[in-house]
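Visitor: Next come the chains, spelled out residue by residue.
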Amino acid sequence: MIGEGSLEAIVAAHAGREGPLLPILHDVQAAYGHISDEAIRAIAAALNLSRAEVSGVVSFYHDFRRNPDPRPAIRLCRAEACQSRGSEPLAAHAERIAGNRVRVEKVYCLGLCSAGPSAMIGDDVYARLDETALSELIGAL
Amino acid sequence: MTTVRISDDALAIACGAERVARRFAELGCEVIRTSSWGMHWLEPLVEIDGIGFGPVTPADAEAILAGKADALSIGRIADHPFIASQTRLTFARAGITRPLSLEDYAETGGWAGLEAARALTPEAIVEQMKASGLRGRGGAGFPAGIKWDTVRLAKGERKYIVCNADEGDSGTFADRMLMEGDPFCLIEGMAIAGLATGAGKGFVYIRSEYPHAVARMRAAVRLSAPLIAPFEIEIRVGAGAYVCGEETSLLNSLEGKRGEVRAKPPLPAHEGLFGCPTVINNVLTLAAVPYVFAHGAQAYADYGMGRSRGTMPVQLAGNIRHGGLYETAFGITLGELVEKIGGGTASGRPVKAVQVGGPLGAYFPPSLFDTPFDYEAFTAVDGLIGHGGVTVFDDTADMAAQARFAFEFCAAESCGKCTPCRIGAVRGFETIDKIVAGDRAPSNLALVADLCETMKYGALCALGGFTPYPVMSAITHFPGDFVEKVDG
Ligand code: SF4
Ligand code: FES
Chain A
353 MIGEGSLEAI VAAHAGREGP LLPILHDVQA AYGHISDEAI RAIAAALNLS RAEVSGVVSF
413 YHDFRRNPDP RPAIRLCRAE ACQSRGSEPL AAHAERIAGN RVRVEKVYCL GLCSAGPSAM
473 IGDDVYARLD ETALSELIGA L
Chain B
15 MTTVRISDDA LAIACGAERV ARRFAELGCE VIRTSSWGMH WLEPLVEIDG IGFGPVTPAD
75 AEAILAGKAD ALSIGRIADH PFIASQTRLT FARAGITRPL SLEDYAETGG WAGLEAARAL
135 TPEAIVEQMK ASGLRGRGGA GFPAGIKWDT VRLAKGERKY IVCNADEGDS GTFADRMLME
195 GDPFCLIEGM AIAGLATGAG KGFVYIRSEY PHAVARMRAA VRLSAPLIAP FEIEIRVGAG
255 AYVCGEETSL LNSLEGKRGE VRAKPPLPAH EGLFGCPTVI NNVLTLAAVP YVFAHGAQAY
315 ADYGMGRSRG TMPVQLAGNI RHGGLYETAF GITLGELVEK IGGGTASGRP VKAVQVGGPL
375 GAYFPPSLFD TPFDYEAFTA VDGLIGHGGV TVFDDTADMA AQARFAFEFC AAESCGKCTP
435 CRIGAVRGFE TIDKIVAGDR APSNLALVAD LCETMKYGAL CALGGFTPYP VMSAITHFPG
495 DFVEKVDG
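If you read the sequences in order, they're chains A and B. Under the working numbering, the first residue of the first sequence is numbered 353, with each subsequent residue one higher. Under the working numbering, the first residue of the second sequence is numbered 15, with each subsequent residue one higher.
If you're looking for bench data, these hints aren't it; they were derived computationally from the structure. Hints are not guaranteed to be accurate.
[What the hints assert, rightly or not] Here are the computed distance ranges between Cβ atoms for each label pair:
no.	chain 1	residue 1	chain 2	residue 2	range
1	A	Ala492	B	Asp409	31 to 39 Å
2	A	Glu360	B	Lys144	24 to 32 Å
3	B	Gly42	A	Glu370	45 to 53 Å
4	A	Arg455	B	Glu248	41 to 49 Å
5	B	Asp464	A	Pro420	55 to 63 Å
6	B	Glu467	A	Lys458	51 to 59 Å
7	A	Glu370	B	Glu467	38 to 46 Å
8	A	Ala425	B	Asp412	53 to 61 Å
No residue lacks a Cβ here, since even glycine has one placed at the ideal position from N, Cα and C.
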């Protein structure tokens, strides 16, 4: 699946840095949408780590996934400040309209806590969400 | 041509600032993108000749330009009570400068602190830091000068300055605003820390939930590199683990490992990043440094009360009418912040509880509103100031649900290293479920209290050790939300 050259290119781009593993994993996740066994093997070999060490790191962080999920995703803030502005009923609404088509993920705080409920799609952020605004966002995904 | 100033801070954008900016450009205005004033309930806030309008939608643009938008006008922004009543040291440039303009930065006093520090010996720099009384903003409030001195005196071929920009406490956004709005200020503070300690390199470790801040800091580092050389800064991005805001776990993460917390000692000041002596400070601590050196340690120490010196950027969040960033000297009371500055709840209902200090902070009832914002005063009422987040809940909040959430959050984010946190958090929400279901509520409440004691004293880091604050404060101050269900 993974084009050898490009995975190599990602590893090579970070090889000279101090502690390069996280930046490499971010780039692999961004390029392929997940971090496969194959990628783990190649990264481990390049950084002189065991495969267990690399997969241990991958599994620790919420941002990395081992398996692909091609569905578009929306990340809804579920932390306290958004809760106080009604994020929980909104999350239930999001699940309902997303069905199986869109992945609704949890995120704990986007730093928009005075204008919640908030969400993020890719790097785009949205605040002051209500059912109508959220339905529009999910519908457009 | 009319000049229109609109913030490009992530919150302004999340509220629709891009479309508003585009509309004004279409109407022939010169649009300048600035940092945010921090009056979040007014974003997108539009400023023309010092007069503010907000919150603005694209449809309002023509009326504003025609002078027919009195309903949206707030008058001169600088005179608005929310702004005029603040003491802005760290956020002095908020709303005023273009974040990536080196010109604006220098014109507003930027680099004066670094210049002053360059004329001092490392020892003298550290002395100034101690004299300023600046304490780490977040966590326990450890004096920054002492930390720096330890690293200065430590032996090591290499030393590092690490900026912790991964403190993802809900209800806080000052780090994000500072990095997006005044990135050079943080860079200047780190460069001064480098001079003080002999560190040649700094890392800013930013949470991945803040992509705007990451992009802004990367650009600012590129632009300012020649001005801080030979000191170098590299930006690193976290990967969605809350516990990486814990300093030793952040170091592991920077090294490319699982973000597990390290036992102390050794202190990071002796053996930190890659085993080298390391200063770890958070964003607000480092961003306060340029002021200390540009204006003198005494000028900084003159603000505040008791052993809490200087100012605290308070973040008014949650169900609050006037939410946003409010920088003030320590000593203002919690009630003044919530009722007077914040204007009470956004829903218009009575305030029920206020959580101070993020997800690991205590919930306060209005009866404790006379507590002054001060590290010691908060400790005295079993609370913590933490990162200065103030999250307001109205009377519809269910405090048993909030206590359960605290345990659930701890369980989801635990690094797994110690049992009280890893297992305790799960047992915690299970037990709260039983209480709420009316299953032997009194003895299960005692069990939760006991569990909290164990977590407080047995956990290795703040995640497990501070989760008892929200839980126990909810039980202590809002007992009705837990036992009402049993009694009737
Ligand atoms: S308290 Fe929790 S997060 Fe902290 S070290 Fe222990 S297990 Fe890890
Ligand atoms: S709590 Fe939702 S954005 Fe901070």
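Visitor: Given a hint of 53 to 61 Å, does the C-beta separation of A:Ala425 and B:Asp412 actually sit inside it?
Guide: For A:Ala425 and B:Asp412 the Cβ distance comes to about 29 Å; the hint is violated.
Visitor: Could you see if the CB distance from A:Ala492 to B:Asp409 stays within 31 to 39 Å?
Guide: 36 Å Cβ-Cβ, so the 31 to 39 Å window holds.
Visitor: Can you let me know if the beta-carbon spacing of A:Arg455 and B:Glu248 is within 41 to 49 Å?
Guide: Between A:Arg455 and B:Glu248, where Cβ atoms are some 32 Å apart, the hint is violated.
Visitor: Just tell me: holds or violated, for the beta carbon distance of B:Glu467 and A:Lys458 against 51 to 59 Å?
Guide: Given about 30 Å between the Cβ atoms, the range is violated.
Visitor: How does the Cβ-Cβ distance of A:Glu360 and B:Lys144 compare with 24 to 32 Å: does it lie in that range?
Guide: With a Cβ separation near 50 Å, A:Glu360 and B:Lys144 fall outside 24 to 32 Å, so the hint is violated.
Visitor: Return holds or violated for the Cβ distance of B:Gly42 and A:Glu370 against the range 45 to 53 Å.
Guide: holds, 50 Å
Visitor: Can you tell me whether the CB distance of A:Glu370 to B:Glu467 sits inside 38 to 46 Å?
Guide: For A:Glu370 and B:Glu467 the Cβ distance comes to about 41 Å; the hint holds.
Visitor: Determine whether the Cβ-Cβ distance between B:Asp464 and A:Pro420 falls within the hinted range of 55 to 63 Å.
Guide: For A:Pro420 against B:Asp464, whose Cβ atoms are near 45 Å apart, the range 55 to 63 Å is violated.
Hints 2, 4, 5, 6, 8 from the list above are not met by this structure, while the remaining hints are.
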